[in-house]
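Engineer: So the sequences go chain by chain: A and B. So in the UniProt record's numbering, spot 141 of the first sequence is number 141, and the numbers just go up one at a time. So in the UniProt record's numbering, spot 136 of the second sequence is number 136, and the numbers just go up one at a time.
Take the hints with a grain of salt, since some may be wrong.
The list treats identical chains as interchangeable, and a pair is accepted whether it falls inside one copy or across any two copies.
[Said to hold, decoys possible] Using 16 angstroms as the maximum straight-line C-alpha spacing, the simulated EDC-like pairs for lysine to aspartate or glutamate come out as follows: (1) Lys126 x Asp136; (2) Lys367 x Asp302; (3) Lys2 x Asp377; (4) Lys437 x Asp411; (5) Lys367 x Asp52.
Think of the hints as simulated: they come from the structure by calculation, not from any bench. Predicted model only: the values in this text are computed from it and were never measured.
Residue strings, one per chain:
There are 2 protein chains.
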Amino acid sequence: MKLYEELAESLRQRIEQGFYAGGDRMPSIRTLVREHGVSVTTAQEAYRQLEDAGLVESRPKSGYFARVRCSTPELPRVGRPVRRPIEVSKWEDVLNMLGAETPSKVFSLGHAMPDFTGPTLKPLLKLWSMQARRSDMRGLEYDSLKGTEELRTQVARLGNHSGCQLDPDELIITTGCQEALFCALRAVTQPGDVVAVDSPCFYGAMQAIKANDLRVMEIPTHAETGLSIEALELALEQWPIKAVLVTPTCNNPLGYTMPESRKRDLLLLAQRFDIAIIEDDIYGDLAYAWPRPRAIKAFDTDGRVLLCSSFSKTLAPGLRLGWIAPGRYRTEVIHNKFVSTAASSTLSQLAVAQFIAEGGYERHLRKMRAQYQRNRDLMVNWLEQHFPAGVRISFPQGGYLLWLEFASEVDCVELNRELSDTQFRIAPGVLFSASGKYRNCMRLNFVNGLDRQTEEALLTLAALIDQRYAKAG
Amino acid sequence: MKLYEELAESLRQRIEQGFYAGGDRMPSIRTLVREHGVSVTTAQEAYRQLEDAGLVESRPKSGYFARVRCSTPELPRVGRPVRRPIEVSKWEDVLNMLGAETPSKVFSLGHAMPDFTGPTLKPLLKLWSMQARRSDMRGLEYDSLKGTEELRTQVARLGNHSGCQLDPDELIITTGCQEALFCALRAVTQPGDVVAVDSPCFYGAMQAIKANDLRVMEIPTHAETGLSIEALELALEQWPIKAVLVTPTCNNPLGYTMPESRKRDLLLLAQRFDIAIIEDDIYGDLAYAWPRPRAIKAFDTDGRVLLCSSFSKTLAPGLRLGWIAPGRYRTEVIHNKFVSTAASSTLSQLAVAQFIAEGGYERHLRKMRAQYQRNRDLMVNWLEQHFPAGVRISFPQGGYLLWLEFASEVDCVELNRELSDTQFRIAPGVLFSASGKYRNCMRLNFVNGLDRQTEEALLTLAALIDQRYAKAG
Ligand SMILES: Cc1ncc(COP(=O)(O)O)c(C=O)c1O
Ligand SMILES: Cc1ncc(COP(=O)(O)O)c(C=O)c1O
Chain A
1 MKLYEELAES
11 LRQRIEQGFY
21 AGGDRMPSIR
31 TLVREHGVSV
41 TTAQEAYRQL
51 EDAGLVESRP
61 KSGYFARVRC
71 STPELPRVGR
81 PVRRPIEVSK
91 WEDVLNMLGA
101 ETPSKVFSLG
111 HAMPDFTGPT
121 LKPLLKLWSM
131 QARRSDMRGL
141 EYDSLKGTEE
151 LRTQVARLGN
161 HSGCQLDPDE
171 LIITTGCQEA
181 LFCALRAVTQ
191 PGDVVAVDSP
201 CFYGAMQAIK
211 ANDLRVMEIP
221 THAETGLSIE
231 ALELALEQWP
241 IKAVLVTPTC
251 NNPLGYTMPE
261 SRKRDLLLLA
271 QRFDIAIIED
281 DIYGDLAYAW
291 PRPRAIKAFD
301 TDGRVLLCSS
311 FSKTLAPGLR
321 LGWIAPGRYR
331 TEVIHNKFVS
341 TAASSTLSQL
351 AVAQFIAEGG
361 YERHLRKMRA
371 QYQRNRDLMV
381 NWLEQHFPAG
391 VRISFPQGGY
401 LLWLEFASEV
411 DCVELNRELS
421 DTQFRIAPGV
431 LFSASGKYRN
441 CMRLNFVNGL
451 DRQTEEALLT
461 LAALIDQRYA
471 KAG
Chain B
1 MKLYEELAES
11 LRQRIEQGFY
21 AGGDRMPSIR
31 TLVREHGVSV
41 TTAQEAYRQL
51 EDAGLVESRP
61 KSGYFARVRC
71 STPELPRVGR
81 PVRRPIEVSK
91 WEDVLNMLGA
101 ETPSKVFSLG
111 HAMPDFTGPT
121 LKPLLKLWSM
131 QARRSDMRGL
141 EYDSLKGTEE
151 LRTQVARLGN
161 HSGCQLDPDE
171 LIITTGCQEA
181 LFCALRAVTQ
191 PGDVVAVDSP
201 CFYGAMQAIK
211 ANDLRVMEIP
221 THAETGLSIE
231 ALELALEQWP
241 IKAVLVTPTC
251 NNPLGYTMPE
261 SRKRDLLLLA
271 QRFDIAIIED
281 DIYGDLAYAW
291 PRPRAIKAFD
301 TDGRVLLCSS
311 FSKTLAPGLR
321 LGWIAPGRYR
331 TEVIHNKFVS
341 TAASSTLSQL
351 AVAQFIAEGG
361 YERHLRKMRA
371 QYQRNRDLMV
381 NWLEQHFPAG
391 VRISFPQGGY
401 LLWLEFASEV
411 DCVELNRELS
421 DTQFRIAPGV
431 LFSASGKYRN
441 CMRLNFVNGL
451 DRQTEEALLT
461 LAALIDQRYA
471 KAG
């Protein structure tokens, strides 16, 4: 064990023993140097380790603090989705949530827009602006079908963080992760096929399933360990499933990360039944633990995993930049990419590639991981205090979304309707089910922690629940 | 008749009588004022009219010149495509042409990239750069599903030029015209259906047909008047066709614009057989005549026309901005747009909207129309002189693409293979057919007129044809 690791370890023990409570100031670098007889670099390195592990946070000009920690809350129950393949419905609800047809600004507690207002994203905007003024005007050209070499090279390099060996020449840049999922689905299925998904499941993926005339088999998930391998195995034995689509790392909406052993089990199962895995890793780089958890793709030996991701959650969705590492399905994916959009925006690719190459991406991630983890803790604590008794709360390991389960009488679709007099909206659980389940659940973002508007919205919601379901919980 | 119209008319007659040959200097504004006793404004307005009609061109600091005109060349023959619905093939050839897998820079005579190097596009880059630095960072947000209001408003306004009454709220912004076509096709068909197309037809549209498991019915076209209404009628009587996909204005690859009466006939036919029309208008604003020809959509009374277009040819393809006016198919189109890419790039929409609002788009168009028309004339003249006898050449009414038909023995796929030692490539006609027809044809761009590289490439090609097909022609 290196010296800084020993130091980090002893500090970690003291935190876990309650020596430092959440929010307490940790010893300064100077104190550590004096008391432990180590160098400044060693002390700093120790704190960096603890920061990566999510145990301390640094506050500018004030030093290190033990995190506001909260123990795992009462978790949502494992869902009981329909036990056979069904067609996806709910498009009307999605359309409603997206606010596509409502011109007025509403404040959505459930939307999934990251925070891009911080200083660490400013350099990206500057690069974007500069790229627009390149004298060769490359931003105006048709991009190559698979994307610019600059960005593919950087994405391949970032793949190391998730344990993936990506070849820039195999990668295909897409217009967001949505296009990656869409092309992946089309590459591995025919109309009428069945696709298994983790349930609850991102509505964009399910609507893509619907649009391609596929049926969905919803597999229950555990709020901490994700997709039930056992349930999937049963389903595979019973139904002619062609692919499984999962978000195993920093899941949307539950926030769990599947343990590595379960990721491996999932892969083994896919091999045994010879099906493809569409792995949505869009929130993976926002895992609070660093180095981040490995992707299923990291263990893929026969190219059956199609890894889909984007910069929409880590940087900004307006970029519309995603990618896919398509494994053995490259031919099909590239045809689908061509016919759906021909090429992606050249200029934003060049800007993002340069931003990553200059270290801006990793700097930004470090900051956002810390911010979102802090916000999670604040939010979970707050919800436990202010929300109706009996509420169950997921405990995300990354990202900025969590899942709330209320008593079974609570109807979130109805609540949303009642909120329509206010400017507030929620993302009801039904969006995440093919079959209208999860009515008593909702997705909640904690991007901005408990700012005034969020707190006001949450209090309005809590009051509404109390009033309408007085006996509930 | 207004004074400037009278003056324009008398000048027009003198040009048509050969008084001024192509390339001759026209009387200066001062001369007109003196000789005709009109005001400077009137003289200028007269020239502006003649310019819009494509009869004169202005050269900076040297005044007005009669255009290099050439009479209609020997036109390509009407094709005889397969007389039944078939599946689309040729993806390998398209992939090859797109150069997706070849890293080295090749010079393609057939590609369809517009000229974006001129000064009239500079303001767009500046606006783009400025938008990236907006303090509200709107460029980073998820755009609304249907696109920014700013851009939809401008696109609706531009619709007036093509005679279309577009409602900004009905329009949907897409990631290029390719996505518009893709969503349109998916909105009006089910797998297995038949779609009629004008043949030769843009390969991107045909590959989208292939990807959606549709079959294609190729309808012959005339090099001047476009799609054969008669042949389409016969096909409609015989086959269960669901939609017709056409590029009736400044067609790619032939360059024709269907006369308005034929556009109306096409619409009547679609009404009679109750099918949808997918109208690709991507080159429409580059018609040499101004005001530009009206779109079929202009006559649409029952919402059966899905108008698809983009800024890829008029401004720059790297923007990846298109749109669709989906008529009665809006619900289906918006679902397809959501599942394929969720949203389009926000920042470029804002930049383009501002560019249009400030008059930059129309300024740029005026310049490009004149440039492309001049280049057409130069190119057609040159081809008639230097190309093998018997070559047939289309005579585009807009855009920057033409179609060459060689003697039937000439095999353009083979020529491309033989060119592989050089840096030059052509776009063989087979790309534009579902069934491998048009081997003796190719598409040629005249974006840059006869610059040195283009002339060198064309001479290489002509020599190759002469050598290989000595007896041909
Ligand atoms: C799990 C998941 N996958 C994919 C997407 C779509 O991402 P993008 O905006 O990059 O298309 C989202 C966006 O909300 C998501 O949450
Ligand atoms: C006739 C036609 N339609 C559609 C497209 C696709 O356009 P975009 O680049 O805007 O997706 C092209 C591009 O070459 C085209 O020529």
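Engineer: Hints first: check each against the structure and report whether it holds.
Structural biologist: Verification of the supplied hints:
no., hint, in the structure
1, Lys126 x Asp136, "between (18 angstroms within a copy, 14 angstroms between copies)"
2, Lys367 x Asp302, "neither (36 angstroms within a copy, 54 angstroms between copies)"
3, Lys2 x Asp377, "neither (31 angstroms within a copy, 76 angstroms between copies)"
4, Lys437 x Asp411, "within (11 angstroms within a copy, 60 angstroms between copies)"
5, Lys367 x Asp52, "within (10 angstroms within a copy, 57 angstroms between copies)"
Checked against the numbered hints given earlier, this structure breaks hints 2 and 3; the rest are met.
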